[in-house]
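Enquirer: Sequence:
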Amino acid sequence: MSTNSMILNGTIQVPKEATGSKISNISGRVIYSEQLKLWDSKRNMKTSFNSTFVFNVHPLTSPCGEGFAFILAANTTLPSNSAGQWLGIVNSTSIGVSNIVAMEFDTRKSYQEDIDDNHVGVDVKSIYSIQQQPLGPHGVNLSSVGTNFQSKGEPKDEQQFRGLDMIF
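Residues 1 to 168 in this note's numbering are what the sequence shown lists, from first letter to last.
A few of these clues could be false.
To be verified - Once the Cα atoms are required to be at most 27 Å apart in a straight line, the calculated DSS-like pairs of lysine-lysine come out as: (1) 125 with 109; (2) 125 with 42; (3) 37 with 125; (4) 125 with 46.
These are computed hints drawn from the structure, not numbers from a lab.
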């Protein structure tokens, strides 16, 4: 867990919300402790996997933060200057060169290419999504201030990665 993350009441808070402390312009990371090998270059094989996690978003300000991401990265260290629009994925110098794949949950339209301020996107080596899907038509709103995550049904995400095709 990065220094900006914590466990409180059985839940992970990224970034951690401490009484009286400012939570703007920071990012945090929670790392799965076991290594996941996605490809074997010697055998030219790619791995497939499924992952499910439940999350709750509770914006404290308006506008709310930039969002969060489920990431696969070779380096477990949080990049410096990766807060805000970078979602803790990359920074201005590591974009395009970091071996990273991310499923981003964006709560702000940071770039002209973003379809809206409430979408999910697949990022490869950057924060520019190669695929995007708006969340509104699915009854999901990640950025409503003063209310917890709004969704029809349970707030969870199921990741399925087809290694052969490199598709989420």
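Enquirer: Hint numbers the structure violates, sorted upward?
Expert: none
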